[in-house]
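Colleague: Listed here are the chains, written in short residue letters.
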Amino acid sequence: MISDKHLKIKLLLLPLASLLSCFAIAQGEWSGSVSFDTRVFSSDALYENQDDQNFSVAIEPEFYVDLKEGDQRVVFSPFFRYEVNDDERTHADLRELYWRGTFGDLEIKAGAVKVFWGVTESQHLVDVINQTDLVENIDAEDKLGQPMINLSWVKNWGTVELFVLPYFRERTFAGEDGRLRSRFVVDTDHPLYESGAEENHTDFAVRWSHWIGDWDIGIAHFTGTSREPLLIPALDNGGVVLLPYYQQIDQTSLDLQATKGDWLWKLEAIYNQNDREDYIAFVGGFEYTIVGVNDSTSDLGFLVEYHYDDRDENATTAFENDIFIGARWVLNDVQSTELLAGAIVDADSQASFASIEANRRLGQSWKVSLEARVLSSMDKQELLYDLRGDDYIELQIARYF
Amino acid sequence: MIKQVNIKTGAIVAGFLLMVSTLVGASAETPEEKGLAIALEAERRDQGFSDSRADLKMVLRNKRGEAAIRTMRSKVLEVSEDGDKSIFVFDDPRDVKGTALLTFAHKSGEDDQWLYLPALKRVKRIASKNKSGPFMGSEFAYEDMSSQEVDKYEYRYLREEVVDGRAMFVIEQFPVDKKSGYTRQIIWIGKEHYRPFRVDYYDRKHTHLKTLTFLDYKRYLDKYWRAQKMDMENHQTGKSTTLEWGEFIFRNGYTDRDFNRNSLAKTR
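For the record, the sequence lines run as chains Z and X.
Residues are numbered in the working numbering as their position in the first sequence, beginning at 1, plus a constant of 478.
Quick note on numbering: the working numbering labels position 238 of the second sequence as 220, and the sequence is numbered without any gaps.
The set of hints was computed from the structure by calculation and includes no laboratory data.
Cβ coordinates follow ideal geometry from the N, Cα and C atoms, glycine included.
Be a bit skeptical, because a hint or two may be false.
As the list claims (entries may be wrong) - Just a sample of chain Z residues kept apart from chain X, beta carbon distances all over 12 angstroms, derived:
# : residue
1 : Ser511
2 : Phe662
3 : Pro722
4 : Ala736
5 : Gly770
6 : Asp811
7 : Gln828
8 : Ile834
9 : Leu848
Stated by the list, open to error - Taking lysine to aspartate or glutamate pairs in the EDC-like style, the calculated list, with each CA pair at most 20 angstroms apart, reads:
#  : chain 1 : residue 1 : chain 2 : residue 2
10 : X       : Lys106    : Z       : Asp617
11 : X       : Lys160    : Z       : Asp773
12 : X       : Lys248    : Z       : Glu547
13 : X       : Lys221    : Z       : Asp811
14 : Z       : Lys633    : X       : Glu25
15 : X       : Lys89     : Z       : Asp773
16 : X       : Lys45     : Z       : Asp617
17 : X       : Lys161    : Z       : Asp740
18 : X       : Lys200    : X       : Glu25
19 : X       : Lys39     : Z       : Glu507
20 : X       : Lys103    : Z       : Asp740
21 : X       : Lys103    : Z       : Asp811
22 : X       : Lys106    : Z       : Glu816
23 : X       : Lys106    : Z       : Glu547
24 : X       : Lys248    : Z       : Glu585
Isolated chain Z, as found in the complex (with noise of 0.2 angstroms):
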């Protein structure tokens, strides 16, 4: 006869012992990265107190264990970078930190968790558990870690997922300092929320994902506070400053992708329905790869995708009727060489953001990057207006461990 209240005690020290008898033994593993980056931009700072050059160091250890043969485990990834100009991308994260169990077909996640839905290469749409760390880079592919709880059924007809979020995060955005920002800075310390229960409202999400022959298939419906906020302009001591306003959403997504051969065809889409205006939205398209381009080991690839905003004008993202031209060239060497260069084109403006990325392992444990964007034809009307004197290129080091 266990009374509740011993069964709760129970409960509660159970993880607790775990990961501490984890940290005890020790067996776990340490890995992770320093880097080292600076960002030269091409024209004078449009804005006060902005800098034409940035440097920043960042790290991400990650630390994780295996318990009871594998069937659980801990993972622990914190991430803090130091910018020397902008105190808003000088910012520490909980990437992840999370319990994981499996029990059968049953898996059991409880934590701060990095989770990626999606198929496309040049936007991503249905990818909406983490909140986008806007700071880090302006393609919007760093996330910060996601408080949860995740229970997955892997079964021979898919996998359902079903997500509870307990706590929201807040998207991060360049400061007074720091380059890369609309003309009047978003205020983050003071963020309207249309739930009276502001960032502790719980979101759920579910979600089926299958493979079906050369088919990739993912449905999901999420219901919550958008990770995506709308940017509401308000006076602050006789200056305007923008202040991010999180809706509530319900979000049904579908992502697609057919492998046939040398080409892959994707698609997601979305509906999001709330109080403002429902809208769809969808990015599809196409990479096709040449394999052993003229004899040699390096792959070319090739990308197109066209994006879709039924909003039109008043779309929160600069994505409302663009076409992506992307080119992929993977030498397939030793140092791990690739380079992707693309470019996302209104198809009614033709303003342009275009963007190369490249990188190469030096070493054993080390890797340069490079990155180049230019936006061009930016009229007064575009979203990304304001970034117009912010072509940069960054160079940064990294060295694994």
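Position chain X relative to chain Z; hints supplied.
Modeller: Just chain X now, with coordinates in the frame of chain Z:
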């Protein structure tokens, strides 16, 4: 009643036909049939291993002899009616640590492949037609690393040879898939245990591209032979890659659940 009799008669007739065909076959086996028979026998002798895992070190050397190291772990699940399922997880170099490759090999048609990218937590279905491309910058192509299924080739028996005091069959095999990087391969197979000892690879221009040598064979579970070392030499570039396998561990009780998109992120 009638059915039963029919089945019996049928069995007798079939048995008789089989006997006749075996007798005839022994004398009039074509080089193609003989080559296929050797490949089938080699496959038969490796059947029933269920699953295995092993650590793997890859040493990549360039013309000047400079070396780069890759380490990874591999898991294989035997699939009786189709090609095997496998996972490779990379440990070194550190920038690709945790990257994992899942392959469902198929007896016919393209293999299915997924790649897990740990930095983005992303699982990507990839075009398996990249089979002729280098595996991790090494001299091994993806197709050299994937499950060698009998149906992926057509065969021709060439001759018998004695190499280092060991009697060998020498057979030629031709990839069925036109996307293969090879037009043909010549394989030396030991007569005693049907183990491969050497493969010569001929590229699309029919020139001798690479030679693979199998070394340090070890027998597991009294039955399954595994080369602990494989040496691939590229004659056109002067580069080479050596695979050094750790101890193979068989019968780990793996199921399909250990070889799906979800398990990619957890394998390590």
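Colleague: A separate judgement is required for each hint: does it hold in the structure or not?
Modeller: Hints, one by one, checked against the model:
no.: 1; hint: Ser511; verdict: violated, 7 angstroms
no.: 2; hint: Phe662; verdict: holds, 31 angstroms
no.: 3; hint: Pro722; verdict: holds, 24 angstroms
no.: 4; hint: Ala736; verdict: violated, 9 angstroms
no.: 5; hint: Gly770; verdict: violated, 6 angstroms
no.: 6; hint: Asp811; verdict: violated, 5 angstroms
no.: 7; hint: Gln828; verdict: holds, 31 angstroms
no.: 8; hint: Ile834; verdict: holds, 19 angstroms
no.: 9; hint: Leu848; verdict: holds, 15 angstroms
no.: 10; hint: Lys106(X) x Asp617(Z); verdict: holds, 19 angstroms
no.: 11; hint: Lys160(X) x Asp773(Z); verdict: holds, 15 angstroms
no.: 12; hint: Lys248(X) x Glu547(Z); verdict: holds, 12 angstroms
no.: 13; hint: Lys221(X) x Asp811(Z); verdict: holds, 12 angstroms
no.: 14; hint: Lys633(Z) x Glu25(X); verdict: violated, 31 angstroms
no.: 15; hint: Lys89(X) x Asp773(Z); verdict: violated, 27 angstroms
no.: 16; hint: Lys45(X) x Asp617(Z); verdict: violated, 40 angstroms
no.: 17; hint: Lys161(X) x Asp740(Z); verdict: holds, 10 angstroms
no.: 18; hint: Lys200(X) x Glu25(X); verdict: holds, 17 angstroms
no.: 19; hint: Lys39(X) x Glu507(Z); verdict: holds, 19 angstroms
no.: 20; hint: Lys103(X) x Asp740(Z); verdict: violated, 24 angstroms
no.: 21; hint: Lys103(X) x Asp811(Z); verdict: violated, 24 angstroms
no.: 22; hint: Lys106(X) x Glu816(Z); verdict: holds, 17 angstroms
no.: 23; hint: Lys106(X) x Glu547(Z); verdict: violated, 27 angstroms
no.: 24; hint: Lys248(X) x Glu585(Z); verdict: holds, 11 angstroms
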